[in-house]
Each structure stands twice: as structure tokens, then as C-alpha cells.
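Peer 1: Here's the letter readout for the chains.
2 protein chains.
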Amino acid sequence: MTDEKEKIKTDLFRQAMRRFAATVSIISTVSNDGTPHGMAATAVTSLSFDPLSLLVAVNKSASMFEPLKSSGFFCVNVLHSNQRNQCDIFSRKEIRDQRFKVGNWEKNENGIPYLTDAQASIFCEVDQNINAGSHSAFIGLVLNVITDELIDPLIYLDGGFLNNTEAKNTSQHILNKETKKYKSTTQNLEGIDWLW
Amino acid sequence: MTDEKEKIKTDLFRQAMRRFAATVSIISTVSNDGTPHGMAATAVTSLSFDPLSLLVAVNKSASMFEPLKSSGFFCVNVLHSNQRNQCDIFSRKEIRDQRFKVGNWEKNENGIPYLTDAQASIFCEVDQNINAGSHSAFIGLVLNVITDELIDPLIYLDGGFLNNTEAKNTSQHILNKETKKYKSTTQNLEGIDWLW
Chain U
2 MTDEKEKIKT DLFRQAMRRF AATVSIISTV SNDGTPHGMA ATAVTSLSFD PLSLLVAVNK
62 SASMFEPLKS SGFFCVNVLH SNQRNQCDIF SRKEIRDQRF KVGNWEKNEN GIPYLTDAQA
122 SIFCEVDQNI NAGSHSAFIG LVLNVITDEL IDPLIYLDGG FLNNTEAKNT SQHILNKETK
182 KYKSTTQNLE GIDWLW
Chain H
2 MTDEKEKIKT DLFRQAMRRF AATVSIISTV SNDGTPHGMA ATAVTSLSFD PLSLLVAVNK
62 SASMFEPLKS SGFFCVNVLH SNQRNQCDIF SRKEIRDQRF KVGNWEKNEN GIPYLTDAQA
122 SIFCEVDQNI NAGSHSAFIG LVLNVITDEL IDPLIYLDGG FLNNTEAKNT SQHILNKETK
182 KYKSTTQNLE GIDWLW
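Protein sequences appear in the order of chains U and H.
In this text, residue positions in the first sequence follow the numbering used here: the first is 2, and each later residue adds one.
In this text, residue positions in the second sequence follow the numbering used here: the first is 2, and each later residue adds one.
Be aware that one or more of the hints could be misleading.
Remember, identical chains collapse to one label, so a pair may be satisfied in a single copy or spanning two.
Said to hold, decoys possible - Okay, derived cross-link-like pairs now, BS3-like style, lysine-lysine, Cα gap no bigger than 30 Å in a straight line:
1) K102 <-> K61
2) K94 <-> K70
3) K10 <-> K94
4) K108 <-> K6
5) K94 <-> K6
6) K8 <-> K102
7) K6 <-> K102
8) K8 <-> K108
9) K70 <-> K108
10) K6 <-> K70
11) K10 <-> K108
Worth flagging that the hints you see were computed from the coordinates, not collected in a lab.
The model shown is predicted, which means the values in this text are computed figures rather than measured ones.
For reference, chain U alone in the conformation it holds in the complex (with noise of 0.2 Å):
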């Protein structure tokens, strides 16, 4: 394939992603040093139920890649509609220093921070790491779950946030206005990923 076809190929492709409303979560653990580390990400599934297990993928450029591939433990914490600012705390380099120093965060027996006012916290064992290219795949057994009563997810959807009309036309002009600083150094956003 020319390199003129596969652009445009990318480029359907990123527009289709676009068409899917995710769910916003914080994957969070913590490195042999007993540093926290953590994403933002849209990319997490359901599996299957026996064993339970869900599915995450992880950009091997992001720096919790491999904490996580050494640790082989990971959270989930599914994040309210009202918790924008985990997104962004855990999206954007420029404010990476406020990770896991704003909002309640605590570690579990195993180390791995989790937020306690999230929807739902999942706690997992890495079971498979599946390489797929520019990203793997990470199986996690489920260890055990945590869940708020509210079911009020942050939705993300074509570049912005379903539900919260505020929320959205933030979302967007951040977009816009780092447009420059960040689309050719896709490597300073850490939540790129999910930035369809």
C-alpha cells in the first residue's frame, strides 16, 4: 500500500474511532520502587467471565508501560462524570506533577493506587501481554472490584465529552489550542490514545 493510501486509511480509521462514546478510567500501578504511575484511557473491555478478566490497551511509549509490565498488577478506576480533572491531570505532561496528588487516592495490599471516589475501581493481575505493535494488550484477571452507587460515567466522544456541554467546549478548545504544540509530538500527551 503507497504511503498516500495508507494515510487516508489512518485517517478513516481515527474518524471511525471518533464514532465510538467510551468510557473515560485511570489505569493506575505502581513500579518496583513503589512510584504510582498512570493513564487515562478509553481502551479498556470486557473479556470474559470465566475467569473474569477485562482487556486494556497500552501504548508502549507511555511511561506506565513498563511499570506495569513489572509489576503485573493494575487498577481500573472507572471515573464519574464530574472527574474531568483526572482526565486531564492524567492526560497532559505539563500537569503530570498533580498525579495521584489530587483527588483521594490509596493503595491496596499489593501497592497499587486506586481513587476511592471513582464509579468503580477494578482491581487485576496481569495474565497475558499481547504485543501488537505500537501497543499490548494486557489481560488482567480479576483480582477483586470496588463500585460507587452513582452510575454517571465520563463519557468521551468525538474529541469531547458527552453530557456536559461545559466540559466538551473545554475539551475542545484545549484540542485547539495545543493543536500546534502537540500534533506533531503526539508523545507529550500521554492520553493520545484515546484522543480520536
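Using the hints provided, position chain H relative to the given structure of chain U.
Peer 2: Quick look at chain H alone, frame taken from chain U:
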């Protein structure tokens, strides 16, 4: 872990997954004799952008599992919010004779059926088939993509559909009405995987 503890964990995982808003797609493929097969699914996620790939989780008991393994090709048809009927047709066994007969289904050059009025149709070739217990994760390399202009996905959340009160009520009515019939015989309901 005791059966009771396992049951509690399963129930909590189910509750957590009900907190994920997700877009409904019809995954379609074809068996060697040319028969089309499909299922409604929310367990679809983008995976890698080099190479372009996505991932779908398929229950091994689903009627499309073997055809998908054999053909090695599939299409992800991303539904519009007004395509609840496709979701029903591809979830409920008692109306399965309507599959591929209702709606504008065409076939691509590999014989894979696709819904021409979906939000997007993403054609894939299976690259990896990962065993995960009750389900397999199929990684598909993206071959080509068709998109519609309108961005308006059919979104599933907490056993109903978002942004469409009538559809949501209908769905819940269906679920309630049919609970007795389906609850203990989940194999009757092909779409059970996303009916968290």
C-alpha cells in the same frame, strides 16, 4: 476462593461493567459456505495504530465464533442511535431469522457482510486469536474503513440505552419481561456479553 466469595466478586464485576457506557456494534463475518454470521457487541476497542488494529471479545459459545475463526475476516458495524432494531435482531434468538434481512446489508470483496447505513464499517483481517477462557480476543488488522457523516452512536449503559428515553424504557421493559425466560438460560441470548 469459596464459591460464595467468587459469586460476590462476579456480581461486583458485573456491577462495575454496568458503569461503562459503550457503543453498540454488529460484528459480522461469513462461514466457508457463504452464510453470514453476526452478533451485537460492546466489547470492541481500538488497540494499535502501527499497525492499525482493533480488538473484539467473542464468547466461544456464540454462533459466529467458529465462522470467525475459519474465515479470518470480520467487520465492525458501528450502530447509529436509531438502529436499536439491529441490536435487538442480533441479540435475540427468537428473531434471529431477521439477521441480514432487515437493513441495508451488502458484501465486500471477501464476502463479509456490512451494514451500509451504519455510522462506520471497519473491515479487518484476524491477526491474533487469544484464548481467554469463556471468550477469545480477536485482534483485527484494519483493511479498510467506511464512515458515515453523522456522529451519533447507539450507547449502552446500565442495561439500557443512553440519550433515548423511549428506547431505554423499551429495553428495560424487554429485559424485565424476559428475565424469567433468559436469566438462567443465557445461551438463548447471543448478546448477553454486553447485557451487564
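Peer 1: A separate judgement is required for each hint: does it hold in the structure or not?
Peer 2: Hint-by-hint comparison with the structure:
1. Within a single copy, K102 and K61 get their C-alpha atoms as close as 25 Å, which meets the 30 Å cut-off; across copies the closest is 43 Å, which misses it.
2. Taking the shortest alpha-carbon separations for K94 and K70, only the intra-copy value of 21 Å comes in at or below 30 Å, while the best inter-copy value is 41 Å.
3. Within a single copy, K10 and K94 get their C-alpha atoms as close as 29 Å, which meets the 30 Å cut-off; across copies the closest is 35 Å, which misses it.
4. Taking the shortest alpha-carbon separations for K108 and K6, only the inter-copy value of 22 Å comes in at or below 30 Å, while the best intra-copy value is 47 Å.
5. Taking the shortest Cα distances, K94 and K6 never come within 30 Å of each other, neither inside one copy (32 Å) nor across copies (40 Å).
6. Proximity of K8 to K102 under the C-alpha cut-off of 30 Å is found in neither arrangement, the shortest distances being 40 Å within a copy and 35 Å between copies.
7. For a Cα distance limit of 30 Å, the shortest separation of K6 from K102 qualifies neither inside one copy, at 45 Å, nor across copies, at 33 Å.
8. With identical chains, the CA atoms of K8 and K108 are at most 30 Å apart between copies only, with a shortest distance of 25 Å across copies and 43 Å within one.
9. In this assembly of identical chains, the alpha carbons of K70 and K108 lie at most 30 Å apart only when taken from the same copy (19 Å versus 41 Å across copies).
10. Taking the shortest alpha-carbon separations for K6 and K70, only the inter-copy value of 28 Å comes in at or below 30 Å, while the best intra-copy value is 35 Å.
11. When the C-alpha separation of K10 and K108 is checked against a cutoff of 30 Å, the pair qualifies only between copies, where the shortest distance is 19 Å, while the shortest distance within a copy is 42 Å.
Taken one by one, the earlier hints fail for this structure at numbers 5, 6, 7, listed in ascending order.
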